[in-house]
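Undergrad: The primary structure of each chain is shown beneath.
Number of protein chains: 2
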Amino acid sequence: MAAYRNLDKTEAYKALMQHKEPPRLDAILDAARVRACEVPMGGGLAFNWAASPVDAPRLELLRRLAAEQELVAKFRLLASGELMNTGEKRLVLHHLARGALVGPVFRDGRNLGAFYEGERRKIAEFAKAVHDGVIRGSSGKVFTTVVQVGIGGSDLGPRALYLALERWAKAERRFKMAARFISNVDPDDADAVLSQIDPAASLFILVSKSGTTQETLANETLVRSRLAALGLDPDKHIAAVTSETSPLANNPAYVASFYMDDYIGGRYSSTSAVGGAILSLALGPETFAELLAGAHEEDLLALEPELEKNPALLDALIGLYERNALGWPATAVLPYAEPLSRFPAHLQQLDMESNGKRVNRDGEPVAYATGPLVFGEPGTNGQHSFYQLLHQGTDIVPLQFIGFRENQISDDVETEDSTSRAKLNANLAAQIVAFAAGKGDANRNKDFPGGRASTLIRGERLDARALGALLAHYENKVMFQGFAWNLNSFDQEGVQLGKVLAKKVLAGVDSASAGVEGALGAYAELLGLEA
Amino acid sequence: MAAYRNLDKTEAYKALMQHKEPPRLDAILDAARVRACEVPMGGGLAFNWAASPVDAPRLELLRRLAAEQELVAKFRLLASGELMNTGEKRLVLHHLARGALVGPVFRDGRNLGAFYEGERRKIAEFAKAVHDGVIRGSSGKVFTTVVQVGIGGSDLGPRALYLALERWAKAERRFKMAARFISNVDPDDADAVLSQIDPAASLFILVSKSGTTQETLANETLVRSRLAALGLDPDKHIAAVTSETSPLANNPAYVASFYMDDYIGGRYSSTSAVGGAILSLALGPETFAELLAGAHEEDLLALEPELEKNPALLDALIGLYERNALGWPATAVLPYAEPLSRFPAHLQQLDMESNGKRVNRDGEPVAYATGPLVFGEPGTNGQHSFYQLLHQGTDIVPLQFIGFRENQISDDVETEDSTSRAKLNANLAAQIVAFAAGKGDANRNKDFPGGRASTLIRGERLDARALGALLAHYENKVMFQGFAWNLNSFDQEGVQLGKVLAKKVLAGVDSASAGVEGALGAYAELLGLEA
Chain A
1 MAAYRNLDKT EAYKALMQHK EPPRLDAILD AARVRACEVP MGGGLAFNWA ASPVDAPRLE
61 LLRRLAAEQE LVAKFRLLAS GELMNTGEKR LVLHHLARGA LVGPVFRDGR NLGAFYEGER
121 RKIAEFAKAV HDGVIRGSSG KVFTTVVQVG IGGSDLGPRA LYLALERWAK AERRFKMAAR
181 FISNVDPDDA DAVLSQIDPA ASLFILVSKS GTTQETLANE TLVRSRLAAL GLDPDKHIAA
241 VTSETSPLAN NPAYVASFYM DDYIGGRYSS TSAVGGAILS LALGPETFAE LLAGAHEEDL
301 LALEPELEKN PALLDALIGL YERNALGWPA TAVLPYAEPL SRFPAHLQQL DMESNGKRVN
361 RDGEPVAYAT GPLVFGEPGT NGQHSFYQLL HQGTDIVPLQ FIGFRENQIS DDVETEDSTS
421 RAKLNANLAA QIVAFAAGKG DANRNKDFPG GRASTLIRGE RLDARALGAL LAHYENKVMF
481 QGFAWNLNSF DQEGVQLGKV LAKKVLAGVD SASAGVEGAL GAYAELLGLE A
Chain B
1 MAAYRNLDKT EAYKALMQHK EPPRLDAILD AARVRACEVP MGGGLAFNWA ASPVDAPRLE
61 LLRRLAAEQE LVAKFRLLAS GELMNTGEKR LVLHHLARGA LVGPVFRDGR NLGAFYEGER
121 RKIAEFAKAV HDGVIRGSSG KVFTTVVQVG IGGSDLGPRA LYLALERWAK AERRFKMAAR
181 FISNVDPDDA DAVLSQIDPA ASLFILVSKS GTTQETLANE TLVRSRLAAL GLDPDKHIAA
241 VTSETSPLAN NPAYVASFYM DDYIGGRYSS TSAVGGAILS LALGPETFAE LLAGAHEEDL
301 LALEPELEKN PALLDALIGL YERNALGWPA TAVLPYAEPL SRFPAHLQQL DMESNGKRVN
361 RDGEPVAYAT GPLVFGEPGT NGQHSFYQLL HQGTDIVPLQ FIGFRENQIS DDVETEDSTS
421 RAKLNANLAA QIVAFAAGKG DANRNKDFPG GRASTLIRGE RLDARALGAL LAHYENKVMF
481 QGFAWNLNSF DQEGVQLGKV LAKKVLAGVD SASAGVEGAL GAYAELLGLE A
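In the order they appear, the protein sequences are chains A and B. Read in order, the letters of the first sequence correspond to residues 1 to 531 in this note's numbering. Read in order, the letters of the second sequence correspond to residues 1 to 531 in this note's numbering.
Think of the hints as simulated: they come from the structure by calculation, not from any bench. Ideal Cβ placement from N, Cα and C applies to all residues, glycine included. Warning: the hint list may mix true and false statements.
Stated by the list, open to error - Here chain B is said to cover these stretches of chain A; the calculated rule only asks that three of the stretch's residues, wherever they fall, bring their Cβ under 8 angstroms from a Cβ of chain B:
#1 140–153
#2 180–188
#3 359–366
#4 441–448
#5 490–496
#6 518–530
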């Protein structure tokens, strides 16, 4: 059991709100603090919070908030099968897909951990059969490409993870099949992908938990018609990842079906079959297993009751202090690793769709800020793009850096007496300090105010284990923030109104109608839709 | 001549700040307003501001602000060769690269418009020679791939434009060479690209105005060593785009050199040789010429003194009202067109690097908000990602939609009685209205507050001309906002401090030093750099 209260009903919050100014970062940041503010993570990673606006007094208040809102206890409840998704009345079990944390979870007589593990094994066997050429395309060609067809949570996480490990897998001789992704209903998306592959040697994975995702079904039709036009049998080229109750389940139109359930939400589903199928096929089941192991290692750390040893909890509360007390409405994720180029886009969904809510878990409006805006691009590129505003703009944006000591692949080049990796990481170190401390200059145009806080997740090398730990860290950070804000981080009602209105437009809206309905019709006409 | 004053010294600003609440969008939005709020643009585009929080009284105040800050007059001055980049004491002439607006511009006896046009012609001739196989790789292979090596403004704009037209060019039989982009100093970036191409058939374009960009030179060394290792002569595989005074100019190490000057800043350089070389080589000189024509058409519209007929000016002032009076710190660019997938990343640089400033054009601190945060992803994907927060989060983010009536390529598929394009655009129309008007629900979790303002740029089809117009619209919007805020939108001092500190780190920083310097050394150690 736990007590659920809004953030502003806690004593710790009231105390935190007495600290609406951050400490001077240039006054507290030194080598000793950098070394002291390290928290080990899984997968060879470490979380460093030295440049965050949290000193000893503020840390103590965050500790009190974690205790008052029973944050770790609520994670235990969630992991044990408590109905945490209050909006949709569902369990929340994405952690279970990578390992039990507090014991098995049963629902309607089914051991859910065993179910997820069973699907993972089915996928591994299927992947082996595909890799061995036992399962082939309808024209007899071996499958060399795998294409995920899905949108949102069925797209962004798996895509980011694939891109993060593609080159590594090749270097490690784990690479099996090239992966591609079709997501948008804009037919130019599918068309571009289809033009890059050999359909006869391509296996498509249709990912839709409900089996009714409009964009995905439209793309499926497009893919099927292209395959048929080439004389291929689509039923032999498409596998499905869906729920057991969906129209796609146990359907002879699919060469295989892998299942997920309602207890794993789209944006949390990368470690389920949603990510498992494509990652196992493209990079090998062992790679996916290592990703899960890294994620599980990180989940265990999130059960740690001591704040300074729980990286996701600490990261979450630092972010909450920045959002609610310091009033910073956005945060940027800046990975100094090109393979993580689409990871910020996944985190953008994970964070904004989970905690971009104005009501609490009981549907009551809250009187405080919740989920921040999240964006980001890899470094060093961002330095040459938007860092200008981050350094010298009129708003402060706290930053979440990610970096690795080693390249993913071995080759490097030395120019001006340093390797490219050294340049990359020198820039990362420099930016952290430049943002935090700034530098005064009599020429105000060259003056850097500093005070731009940041955190750093640092690893040895970006491999599957590290990536799994990274992914789980953010999933758990977002979860803890949601608990602290007393939200339900696991539904997404915000998608509904647009769906309803889009259906209306497709059915035909009369622009002669009054008010907003007429506007809807007028926009539809401007965009070429018939009334 | 024009007078330059801070925004808060204008009467119009003071009047605008009496309107810190927006009008109720669900009260003003109807079919008549949608039709009335259309402003024609170039390239077959139109700007629609019906869902913006600007009614007749507010529009009148924006009109007064435009007049008081002499926004169009300042554009005329800029276009005529006034020293508008006050920070670096330079002219600002990116418009001239696509056509003279108010007459020729001379500097040190040189006709600059003729210079830019001359480079464009040189590029067109070079591209023809490459396409005809007259200029080949050192092993005799015809060049089939062109790889841009550059970062920031030398990367994001050209990359976004190439991606936007790649499929269209193929459908139009304009496609000549595949384009790739190497940007990050992380060697995993170059490695990934090099693994996808045939170096013997690849031409590299080294883009660095100064000739000293650290990341780009490191990547050049990497590329050269790979070419040499394959027995190829790098000097025959690399062209340079640089300034005439750079070390790369007139250098026998390059098969050709194309020039830009200090009057076109990186983020404004897509219509100069920076974009011209790769786009002409990949998609043909005619395609680049059409892009320029569309941009020029849009520039001419930006000279229009009447606010309601000047789309960039109107867009700029709506954004300023949202930023300064309504206090909305961010904005999202949401193109409902998959080919525009990286366009928001380019606009993120264009906007944030131009106007993310806290001092005015004379280096004096300003007391008001300036450039907003900018982010975005294509639709419909964003609906399944971060729109949750945009609809129901605790902050309001105004939106900039982009849509097209037709697909870029002809194939489509019908499912559930509608084409995919119809679904895409139905969703776009639906989202505009859902954001603006919301929908009440007794279940607060399903309640949509509305009041989320937006604008829409709409076109027939995304071709080269439309893309040029779109690009120029945003360049001019950012320029007008910069004038209104009394900033210098054309320098970027924010990149300097990081550069200085990175150099320090590479030279070796002692973590035993006190304070921030020691922190720098400690971070460097954590990231694997030797002291």
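Undergrad: Take the hints in turn and mark each one as holding or not.
TA: Against the structure, the hints:
Note: the region 140–153 of chain A has 3 residues with beta-carbon separation from chain B under 8 angstroms; the three-residue rule is met and the coverage holds. Interface restraint, the region 180–188 of chain A with chain B: holds (6 residues with C-beta to C-beta distance below 8 angstroms; minimum three). Three residues within the 8 angstroms Cβ limit are the bar, and the region 359–366 of chain A against chain B gives 5, so the coverage statement holds. Closer than 8 angstroms: that is the beta-carbon criterion, and the region 441–448 of chain A has 6 residues meeting it against chain B, so the requirement of 3 holds.
Counting residues of the region 490–496 of chain A whose C-beta lies closer than 8 angstroms to any C-beta of chain B gives 6; at least three are required, and the coverage claim holds. A count of 11 residues in the region 518–530 of chain A with a Cβ less than 8 angstroms from any Cβ of chain B is obtained; the coverage claim is therefore met, three being the minimum.
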